[in-house]
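Peer 1: The chain contents come next:
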Amino acid sequence: MKQIVKGLLLLATVLVFVLIYFPIVVIALMSVNASSTGQTFTYFSFVWYGEIANNTLLLRAIGTTLFVAIISTTIATVVGTFVAIGINSLKRNQRLNMMVLNNVPVVNPDIVTGISLMVVFGLLPISFGINTMLIAHVFFSIPFVVLSVLPKLKELDKDLFDAAQDLGCTSLQAVVKVIVPAIKTGIITGALIAFTMSIDDFVISYFTTGSGVQNVSLWIYARLGRRNFSPAVYAYNTIVTVVTIVILLRLNYYSIKKKMRRLNQ
Amino acid sequence: MSDILKIDHVTKSFDDKVVLNNISLTIKHNEFVTLLGPSGCGKTTLLRLIGGFETLDQGHIYFEDEDVLNIPPNKRKVNTVFQHYALFPHLNVFDNIAFGLKLKKQPKEEINKAVMNMLMLVKLEGYEWRNVDTLSGGQKQRVAIARALVNQPNLLLLDEPLGALDLKLRQDMQYELKEMQRRLGITFIFVTHDQEEALTMSDRVVVMNEGLIQQVGSPQDIYNEPINQFSASFIGESNIIDGVMVTDYEVVFEGISHPCVDHGFENNEKVDVVIRPEDIVLIKPDQQMIQGVVTDIIFKGVHYEICVMVNDKEYVIHSTRAKHIGDKVSLKFGPNDIHIMRKSDA
Ligand SMILES: Nc1ncnc2c1ncn2[C@@H]1O[C@H](COP(=O)(O)OP(=O)(O)OP(=O)(O)O)[C@@H](O)[C@H]1O
Ligand SMILES: [Mg+2]
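These protein sequences, in sequence, are chains D and H.
Mapping of the first sequence onto numbering that gives the first Met the number 0: position 76 corresponds to residue 75, and the numbering continues sequentially without gaps.
Mapping of the second sequence onto numbering that gives the first Met the number 0: position 251 corresponds to residue 250, and the numbering continues sequentially without gaps.
Chain D with its partners taken away, still in its complex shape (with noise of 0.2 Å):
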């Protein structure tokens, strides 16, 4: 009986990692099928890798992309960072308090912050773009920032900051030299969260964006009503995957050296 559960749940996992990495599979044969139209596998080539370099209008959007994630992604850690430190100085209930407030853009709709934002945008006076989207990354990248680095903050000795100061640091110092540094992992772990955020992002930057700024989820969106678009972007899209899963796995043998490390000792 025990054989047979254990045996169920074993299939119904793997079928479950079949059907998650089943597209990604289909997308990354694609991208190496020479045929443009892609109903059928001609021969293997990697044309559209190369393709990539020659699309112009694909060049632009991905380095719009990049531009948005990597500046966006820096502001809301160093601002995220700073935010946390401060709810996490407060007495408990205005630290529950600015919690809600973190939290609601976290679990409202990306069509609702989409829209709200660009209401905002619209009353100011600034036109719309680039420098709209970034702002409404950093904006929704925050409160990520804030809750991956809040729970490293609980986890210190609540003298570390006073200890910091007690052998001559101020409380800059203190903040730079010590705290930041001992809650490094969560901030990492805050700044992967804003990137891929950003990268993956399209609903905010739909509304958000103008004067024919679009990143790659937008190029592709305009492409798609036509049918037309190349098979590059299956090659860009294999890129994206085999650089994300190159990042986790770095990311995981270095806490398993890490740990292998404590262990020796």
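Do not rely on the hints blindly, as some may be mistaken.
[To be verified] Here are the simulated lysine-lysine pairs, BS3-like style, with alpha carbons at most 30 Å apart:
#1 D/Lys90 x H/Lys139
#2 H/Lys76 x D/Lys157
#3 D/Lys157 x H/Lys5
#4 H/Lys16 x D/Lys153
#5 D/Lys176 x H/Lys74
Rather than coming from a laboratory, the hints here were simulated on the basis of the structure.
Model, not experiment: these values are computed from the prediction.
Fit chain H with the ligands to the known structure of chain D by using the hints.
Peer 2: Relative to the frame of chain D, chain H with the ligands by itself:
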């Protein structure tokens, strides 16, 4: 010797709860002062005020005759060993200890030498590259002590720095700390709730309870002449008995008159009588003396702890000679062994 620290009528409350109530205390250069009191009596809060991590509500704190009100913690010539170590988790043992010196931009060789010296002092040689979260509680405490001491502060605040150590290491460290304090000429304010530690290490002991200073004095004074019931019961084990001071040098308790060395009370004033367990000798029953029955006996290593029931009150006696439960005995003590205290609430 001049004063290094003067605490002048300091009051501190947290949300309407008075934690320190009008505290005054003066500490001399090179003194080893211990704050002794039960949990929650405000010891840590007092240290935090001196370190500058907390602002006081009323009163003043003077460091070397200078009011420190507006001096931030990083500018005070004071270092702290925090109750929960507060080691920097991202730094190894060496870098934790070197932290203060690096901030002061001291030359590298000097830092190296000072840190290695400290490691030797706290017996952690060979641990310098260890990550601090791989250390035991006692090792962390010793790193915390080294991290503070390496800066050679004029005043070192230690918040229960030996709490996590086992007895043997604790005694070693008590000795080492005392030695260091004497040799380096640093003033120590040392917090503990272990009365034995307080008595063995300090030049002066400050007994605190519920935000008030109960008594300040040398370990001998505190032990032999506790000023009130709290002091007496907190410092060591004591027999505290209701008595009446009939006249100078004569006290009545357990229905018997005893000669004593105390005077200056009103005639027939109700008092607390303190007799230390080791000052009582058990002898054969004697009509002239307090009589009782042995109800319990526990072997404590060096001595036996014997409980004797006298008129519904239990006396504790330390003796190197065993007794049997049910033995009838009398309690013998001299005038010098009796200590008279005013009733606390009088
Ligand atoms: N930041 C704070 N906010 C509110 N109350 C506080 C704060 N810090 C301390 N207290 C309260 O002040 C009182 C004294 O605390 P303190 O830490 O000084 O005690 P302590 O004598 O060091 O005790 P222990 O021996 O347990 O360390 C306690 O009742 C504590 O709850
Ligand atoms: Mg304390």
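Peer 1: Let me make sure I understand: some of the numbered hints might not hold for this structure. Which ones are they, in numerical order?
Peer 2: none
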